[in-house]
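Visitor: Line by line, the protein sequences are chains A and B.
Count the first sequence with the numbering used here and you get residues 1 to 238, in order.
Count the second sequence with the numbering used here and you get residues 1001 to 1247, in order.
It is worth saying that the hints were derived from the structure and are not from the lab.
Keep in mind it's a predicted model, so treat the numbers as computed, not measured.
Here a beta-carbon is modelled for each residue, glycine too, at the ideal position from N, C-alpha and C.
Please note: incorrect hints may appear among the correct ones.
30 Å max Cα-Cα, derived DSS-like pairs, lysine-lysine [unchecked claim]:
#1 B/K1027 with A/K87
#2 A/K224 with A/K204
#3 A/K149 with B/K1239
#4 B/K1114 with B/K1178
#5 B/K1221 with A/K33
#6 A/K149 with A/K170
#7 A/K33 with A/K120
#8 B/K1239 with A/K224
#9 B/K1178 with A/K69
#10 B/K1239 with B/K1087
#11 B/K1027 with B/K1087
#12 A/K33 with B/K1178
#13 A/K47 with B/K1103
#14 A/K233 with A/K176
#15 A/K226 with A/K204
#16 B/K1114 with A/K47
#17 A/K87 with B/K1103
Beta-carbon label-pair distances, calculated as ranges [claimed, not checked]:
#18 A/G213 with B/V1167: 35 to 45 Å
#19 A/R126 with B/V1083: 36 to 46 Å
#20 A/S93 with B/E1244: 52 to 62 Å
#21 B/I1096 with A/E71: 26 to 36 Å
#22 A/S188 with B/E1243: 41 to 51 Å
#23 A/N6 with B/K1221: 41 to 51 Å
#24 A/S164 with B/R1019: 54 to 64 Å
#25 A/S188 with B/D1241: 26 to 36 Å
#26 B/K1221 with A/G114: 47 to 57 Å
#27 A/R171 with B/G1193: 34 to 44 Å
#28 A/R91 with B/E1085: 28 to 38 Å
#29 B/R1019 with A/D125: 54 to 64 Å
#30 B/I1096 with A/K98: 52 to 62 Å
#31 A/G213 with B/E1207: 51 to 61 Å
Chain B regions said to be covered by chain A (calculated; three or more residues, Cβ under 8 Å) [claimed, not checked]:
#32 1011-1023
#33 1072-1081
#34 1181-1194
#35 1198-1211
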Amino acid sequence: MFFFENRQVVTPGDLLAEGDYIAGNNTYKEGSKIYASRLGLVEYGEKVVQVVALNTFYIPSVGDQVIGKIEDVNINGWVVNINSPYKATLRASEALNKPYRQQKDDLTRFLDVGDLIFAKIIAFDRTIDPVLTIKEPGLGKITQGQIVKVSPAKIPRIIGRKASMINMLKRETECKITVGQNGIILISGPSPEHERLAIMAIEKIAQEAHTSGLTDRITEMIRKEKGARNERKDQVNK
Amino acid sequence: MSEKIRLINEDGLRVDGRRPRDLRSIKMEIGVLSNADGSAYIEQGRNKILAAVYGPREVHPRHLALPDRALLRCRYHMAPFSVEERKSPAPSRREIELSKVIKEALEPAIFLEKFPRTSIDIFIEVLQADGGTRCAGTTVAALALADAGIPMRDLVVACAAGKVDGVLVLDLNDIEDKEGEADVPVAYMPNLGLISLLQMDGSLTIEEFNQALNLAIEGCKQIYNLQREALRARYVTIKEDVEECLR
């Protein structure tokens, strides 16, 4: 039995369903009753009852790709802030392509405090802090672009169903967009103007993540902005 | 000594014109502070209270971290200008006690075991006080926790009941609290039906105590509805604005 309508806003503690269902994300089960544990929109599936949270923080998960900032350099690795309650570590052996020799190699030559990296989480559980790697293609130090921060809850919306939203953004703004699962997004485009447009679109998506028909609305917005910009350019040229 | 103040007049009304079982007018809002992970503001009668939540985040100092769950820390603080006579900004005995009491009222509602080795910090700042701030503080802190996206078993609502001039009343204000016969603050988790804070100051018969407790729980349920409204309101307005634009 369901107690709400699909996609209605629910608050922590709301009784969502009773019966033979599976408690999905942001819910918990007590006996046969499923309750919400976060503020969000309820989604009733065939078997699973879940809540799409409106605000969350990032809890690392093995295999996630994240954008992090180097906070400290140790003897054999780096401490990385990945916008999560847990600080991540990047070991020298996971960053260098050659055997690491403590006596000779100066780690700050590769990555220093303040540098941004695109990395993958290779280990994390309740007892150990997340461990990162940048030894795979596409990963590594970030050298150009702009960073936007959104709530990690909005990341699935920014990617969209079958990556529809993110592909549309890339196509319309002509920017390269790298999404970290931890809510940090890297945008690098042909000009700062293009990047600004992409940032504006992403912020709008984050703000209106819980509304429907968003992809079309964002497309429309970007096209309008582009039109307005071209007009301005023409006026300047005249 | 001056004559005792009459707290209930001939018409059965209280000093602020309420009937015995009325709450004060309540206004709540979430997401009021941009630098906090979660925040909320409440006005309950003349009480004005801000709450901010940070976390889960790394514990400082490190040695306080718990290996199996998150550490919940809470600071209840009254601004020097929150009461008639200037209050020293240093935490008083009373504030330290209330911090502990509020922390313990919220603790059972939070899934602390999901975030070992981290801390969740709650700051409750009373900007203007008029009795019942521990209850309003608990209510607003629960809102800030929900706003921060911290998983909770249930929201926590608190409300006091008491006895003034021989009459059982709901949601005491400052004068009623000080001059009245008894005060029973209760924090309640409405969906689970559990009480997480129960205190009593003054004297009541067992019969009166039971009535006061039930009255306070009734009050909690009323405030709970306002709490849910406040949480929904923020997102419903955005949704409505978007729909407005589409039309």
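Visitor: Each hint: holds or not?
Guide: Each hint, compared with the structure:
| no. | hint | in the structure |
| --- | --- | --- |
| 1 | B/K1027 with A/K87 | violated (38 Å) |
| 2 | A/K224 with A/K204 | holds (14 Å) |
| 3 | A/K149 with B/K1239 | holds (22 Å) |
| 4 | B/K1114 with B/K1178 | violated (41 Å) |
| 5 | B/K1221 with A/K33 | holds (21 Å) |
| 6 | A/K149 with A/K170 | holds (18 Å) |
| 7 | A/K33 with A/K120 | violated (37 Å) |
| 8 | B/K1239 with A/K224 | holds (22 Å) |
| 9 | B/K1178 with A/K69 | violated (54 Å) |
| 10 | B/K1239 with B/K1087 | violated (43 Å) |
| 11 | B/K1027 with B/K1087 | holds (25 Å) |
| 12 | A/K33 with B/K1178 | violated (43 Å) |
| 13 | A/K47 with B/K1103 | violated (37 Å) |
| 14 | A/K233 with A/K176 | holds (24 Å) |
| 15 | A/K226 with A/K204 | holds (16 Å) |
| 16 | B/K1114 with A/K47 | holds (24 Å) |
| 17 | A/K87 with B/K1103 | holds (26 Å) |
| 18 | A/G213 with B/V1167: 35 to 45 Å | violated (56 Å) |
| 19 | A/R126 with B/V1083: 36 to 46 Å | holds (45 Å) |
| 20 | A/S93 with B/E1244: 52 to 62 Å | holds (56 Å) |
| 21 | B/I1096 with A/E71: 26 to 36 Å | holds (33 Å) |
| 22 | A/S188 with B/E1243: 41 to 51 Å | violated (35 Å) |
| 23 | A/N6 with B/K1221: 41 to 51 Å | violated (27 Å) |
| 24 | A/S164 with B/R1019: 54 to 64 Å | holds (57 Å) |
| 25 | A/S188 with B/D1241: 26 to 36 Å | holds (32 Å) |
| 26 | B/K1221 with A/G114: 47 to 57 Å | holds (51 Å) |
| 27 | A/R171 with B/G1193: 34 to 44 Å | violated (53 Å) |
| 28 | A/R91 with B/E1085: 28 to 38 Å | violated (59 Å) |
| 29 | B/R1019 with A/D125: 54 to 64 Å | holds (56 Å) |
| 30 | B/I1096 with A/K98: 52 to 62 Å | holds (57 Å) |
| 31 | A/G213 with B/E1207: 51 to 61 Å | holds (59 Å) |
| 32 | 1011-1023 | violated (count 0) |
| 33 | 1072-1081 | violated (count 0) |
| 34 | 1181-1194 | holds (count 4) |
| 35 | 1198-1211 | violated (count 0) |
Hint check: violations occur at hints 1, 4, 7, 9, 10, 12, 13, 18, 22, 23, 27, 28, 32, 33 and 35; the rest are consistent with the structure.
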